[in-house]
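Number of protein chains: 2
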Amino acid sequence: MDQQAIEAIVAEVVSRLNGAAKNDDSIPIAVSARHCHLSQSDLEALFGEGYELTKKADLSQPGQFAANETITIVGPRGSIEKVRILGPARNMTQVEVSQTDSIKLGSKPPLRESGDIKGSAPITLVGPNGSLYKKEGLIIAQAHIHMNPDDAARFDVKNGEYVKVEVGGIRPATLGKVLIRVSPRYKLEMHVDTDEANAGFITGKTKGKLIKDEAAL
Amino acid sequence: MDQQAIEAIVAEVVSRLNGAAKNDDSIPIAVSARHCHLSQSDLEALFGEGYELTKKADLSQPGQFAANETITIVGPRGSIEKVRILGPARNMTQVEVSQTDSIKLGSKPPLRESGDIKGSAPITLVGPNGSLYKKEGLIIAQAHIHMNPDDAARFDVKNGEYVKVEVGGIRPATLGKVLIRVSPRYKLEMHVDTDEANAGFITGKTKGKLIKDEAAL
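Heads up: the sequence lines are chains R and W, in that order. Read left to right, the first sequence gives residues 4 to 220 (the working numbering). Read left to right, the second sequence gives residues 4 to 220 (the working numbering).
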């Protein structure tokens with residue numbers, strides 16, 4: 004077995020033992036690869052009139068799913084193929100990439116909370132039925148934690164608050180400016196992008212420790 | 004101007020003002036893109052008998068340089084072209100990639116200090132004159148800080164010690180297990196890879212703050 008596999012197993016064992024011992028106040032972490040959300044009209048422009056997304060897999064947040072459909076995204080310097088579409092369709096089209104991706108695209112997307120795309124970077128979308136130039140919609144998603152009100156009470160945090168999250172392992176890191184997002188329909192989960200994941204050797208089994216950030220209040 | 008450019012300027016201004024105010028105990032950070040060091044015999048196998056590297060640019064550490072020559076590296080899943088060779092030739096061939104790169108290659112390199120390649124991951128190197136299968140030599144370089152003995156005394160750290168380094172800005176992060184490397188010929192500089200850089204929006208102008216890590220002693 005390689006070092007990373009051994010370390011992952013050790014981290015998981017330690018995490019479970021710790022969890023059993025102290026009622027588990029750790030935060031499960033999910034890694035978001037590049038993806039896009041499309042409005043119904045943009046979906047139809049790219050895939051054809053009346054097109055409906057088909058489900059490949061449910062995501063952890065209720066109602067959200069990964070579609071079978073993918074698109075190509077194109078920036079001034081390069082393109083990235085097979086960018087997964089997440090459903091269901093939204094009001095506004097939004098493409099979430101990593102900083103690594105943005106260098107490849109030659110784009111300069113801002114770091115934003117999902118949904119906040121005003122003044123964000125332009126991006127070209129290419130589907131089997133056509134292409135679209137979006138004047139804005141390309142962002143790097145800010146790391147955030149979904150939680151329900153009970154979790155928020157337990158961690159003593161509020162919707163919109165920024166916290167730090169510490170991740171252990173062989174490449175430990177603490178991520179700052181992690182946004183708390185509270186809704187009764189959310190399942191406790193931190194979302195990081197692939198750059199944050201790779202910088203901290205974070206996989207789908209990694210857990211984080213929430214740290215209140217007084218300086219960010 | 005985009006948000007990242009504005010933020011970079013603000014960070015630089017704040018950094019310079021802080022530096023002037025408190026004798027600047029910040030750590031300059033350099034971002035290491037994927038690269039390789041070759042032994043003279045491997046260089047000749049890839050480029051031809053008696054081949055000598057030609058200098059493209061000096062690097063910040065004295066005597067080190069980026070060569071004009073590049074190679075292609077190949078793993079079980081994919082390849083990466085134009086991987087820069089750093090000179091001068093070393094005793095052992097070593098290829099340093101990011102975790103992002105390793106996913107593309109389909110390889111599982113361990114996180115290692117430069118030079119510690121025993122039991123590391125295999126990699127195929129392709130040059131204009133031939134290719135080589137190296138049974139080991141592929142690593143992800145552990146973040147480290149080069150410094151001279153005067154710097155070490157100033158920061159109260161020793162060669163081989165692990166510290167944390169805090170980076171501010173719009174995507175603040177603290178990197179753990181950062182190795183201190185002391186030598187009279189070193190210039191003060193932290194080296195991170197592109198994953199760590201992109202996770203923290205670290206550019207060549209970013210500075211870090213060294214934090215003693217009692218837990219790592």
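It should be emphasised that the hints constitute simulated quantities derived from the structure, not laboratory data. It is possible that some hints are incorrect.
What the hints assert, rightly or not - Here are a few chain R residues that sit away from chain W, every Cβ distance over 12 Å (derived from the structure):
#1 Gln67
#2 Ile106
#3 Val129
#4 Asp153
#5 Asn162
What the hints assert, rightly or not - Between beta-carbon pairs, the in silico distance windows are:
#6 R:Pro131 <-> W:Glu116: 45 to 51 Å
#7 R:Asp119 <-> W:Asn71: 17 to 23 Å
#8 W:Lys59 <-> R:Gln67: 56 to 62 Å
Note that beta-carbon positions come from the ideal geometry of N, C-alpha and C, so glycine has one too.
Status of each hint after checking the structure:
Look at Gln67 of chain R: its CB is around 24 Å from the nearest CB on chain W, clear of 12 Å, so calling it non-interface holds up. A Cβ of chain W approaches the Cβ of Ile106 of chain R within 12 Å, the least distance being about 8 Å, so the stated non-interface status is violated. Every CB of chain W is more than 12 Å from the CB of Val129 of chain R (nearest about 22 Å), matching its label as outside the interface. Under the 12 Å C-beta cut-off, the non-interface status given to Asp153 of chain R relative to chain W holds; the minimum distance is some 28 Å.
The non-interface label for Asn162 of chain R is consistent with chain W: the shortest C-beta to C-beta separation is roughly 21 Å, beyond 12 Å. Between Pro131 of chain R and Glu116 of chain W the beta carbons are some 48 Å apart, a value that agrees with the proposed interval 45 to 51 Å. Range check, Asp119 of chain R to Asn71 of chain W: about 44 Å between beta-carbon atoms, so the 17 to 23 Å window is missed. In this structure the supplied range 56 to 62 Å is violated for Lys59 of chain W paired with Gln67 of chain R, their Cβ-Cβ distance being about 47 Å.
When each numbered hint is compared with the structure, violations occur for hints 2, 7, 8.
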